[in-house]
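Residue numbers (the working numbering), protein chains in the order written: chain D, 21 to 337; chain A, 21 to 337.
Please note that a few of the clues may not be correct.
Which copy is meant is left open, because identical chains are indistinguishable; a pair holds if it fits in one copy or across any two.
No more than 30 angstroms apart at the CA atoms, straight line, and that leaves these computed lysine-lysine pairs for DSSO-like [unchecked claim]:
id : residue 1 : residue 2
1  : Lys-195   : Lys-121
2  : Lys-170   : Lys-313
3  : Lys-110   : Lys-300
4  : Lys-110   : Lys-315
5  : Lys-110   : Lys-313
FYI, nobody ran anything at the bench for these hints, they're computed from the structure.
So the chains spell out like this:
There are 2 protein chains.
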Amino acid sequence: MKEFAIGIDVGGTTTKFGIVNRNGEILVQDRIPTNEHEVVEEFIDDLYEKLKPMIDNVGGNDNIYGIGMGAPNGNFYSGTIEYAPNLKWKGIIPIADLMYKKFGLHTKLTNDANAAAMGEYMFGCTKGVKHFITITLGTGVGSGIVIDGKILLGHDGFAGELGHTIIRPGGRLHKGTGSHGCLEAYASATGVRETAIELLTNYPEQESLLRNYTINELTSETVYDCAMQGDNIANEIFEFTGEILGESLANFVMFSSPEAIVLFGGLTKSGNLLLNPTRKAMEANLLPIFQNKVKLLFSELKEADAAILGASSLVWE
Amino acid sequence: MKEFAIGIDVGGTTTKFGIVNRNGEILVQDRIPTNEHEVVEEFIDDLYEKLKPMIDNVGGNDNIYGIGMGAPNGNFYSGTIEYAPNLKWKGIIPIADLMYKKFGLHTKLTNDANAAAMGEYMFGCTKGVKHFITITLGTGVGSGIVIDGKILLGHDGFAGELGHTIIRPGGRLHKGTGSHGCLEAYASATGVRETAIELLTNYPEQESLLRNYTINELTSETVYDCAMQGDNIANEIFEFTGEILGESLANFVMFSSPEAIVLFGGLTKSGNLLLNPTRKAMEANLLPIFQNKVKLLFSELKEADAAILGASSLVWE
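All chains, please: the whole structure from these sequences, using the hints.
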């Protein structure tokens, strides 16, 4: 029996990859920059150069079950990356085929957020849970939806874009898409920064530790630091963010009735500051039949590991 | 091979039932009032009295594959009706067991909106379509979600309460649940009536044919009649309703990426008056990868038939 899989997480900035066994242990890992390559073939050449010695060390292709890849706008059905706004390679990129040609290993692709959800299902805090949703609260808001133990793909492979669902119709502009009031415009690191700027601008009289930072220094981390020091505006920012996130989560629960929601990504470092108002708003907007049932969890996987594990888990499916 | 199934649709007012063959033809049907019975056993006795001669006419229980029931808050997993706000029988009603004891036929239960979705899948305009959503726009807003050819039930059987998702946070009160700004508060017959009253009250100067009706006569039908005569306020009511419905549909599409959405129920009689603004708002709020892909359809099944067919289809699954 082949013992290993390759997991590759293609991010907007960095691509992380590693060799993983069936227990979810990463034997070896490394990373390369994603967007230094004008054409995807050069990117794949670079990947191959780094991975080939790793593969040889575990017994060559004969011992590798396949390659799993997570990538922005990655389509499981077609194995293509389609119109990913954060990547240099434009249009439709048949990356699974290109990988197979270079590596001689079958390659399965899905979007990065779906890969993270599979990582949780195979190795994380919802191991074996048949119905759950993962929400990645990073620079943006990603999501992976697991129904009956399988990633929800929809008819075309693009299901699960929960960060783009509208929760404040006519609300804050999302600069990337032009939509108004989507979840990602608020409950992301970028959204928290925007909320900070809005509140500091709208209440010019109110004292705040956040005023000690230049506009470039205002990040979700500085907001967290100030909130922990008892700063009122900083705390209000998390209350506001949690309220919007919680309302959205309530909507998601009334769609698919998951057993758990797993939160993931940089913003979760704010812990209960974010979790408490989120849970409160979620419960307040749920029908009674859903109340006090849904576990709201933080992922226990290390972020870098989860991406690789998640991608690799596509292979074991 | 047993040739027939019994389909029963338990509504808040009326229960419809019939005997159906595998081609989705209803051989015979009838109805009884739902809420005249203080205890569910009496209701089942009444059902039995009506159904027994029908069953005998097609060859008795030996020729019946089973009973499929759709009911408010019907739970597929447990076969129980749980805390249905519109029914007299309170608490948890083990109706599938009680039916089996009375009829000697296996009984499968699901909620009424899920039954309608199964009817569309087996016999309707999305026959064989693996990913779609049905939205019932009646007195309330119901929904059934089909993923990979199966009703989405969630971990506890209660998935698919899309009428209760929040689309206008802090918006209109839903009198039944106490929530603010849910889809059902706007995109139902009740919601259209409320919008009419709001607009007529907020713009007391503006002339409208709707002012010729007493407040009790203001219904979604009178709004439709006036809109068809070119009344501005009546048309604005449909624009407003369609905008909110379309925004919600966009959110649902970005969740499960269905191939089609099937609209159903009394409000769909308004045709393009509702459909056009709905489609416009849906497309405007979708990410480009979802745009111009989702079919927005009206159900072609007769409403009374669809409920019975849908319920019966649980048996053939």
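Outcome of the hint check:
1. Lys-195 <-> Lys-121: Close neither inside one copy (37 angstroms) nor across copies (61 angstroms); limit 30 angstroms.
2. Lys-170 <-> Lys-313: both (21 angstroms within a copy, 24 angstroms between copies)
3. Lys-110 <-> Lys-300: The answer is between: 28 angstroms across copies meets 30 angstroms, while 42 angstroms in one copy does not.
4. Lys-110 <-> Lys-315: Only across copies: Lys-110 and Lys-315 sit 28 angstroms apart there, 39 angstroms inside one copy, limit 30 angstroms.
5. Lys-110 <-> Lys-313: between (43 angstroms within a copy, 21 angstroms between copies)
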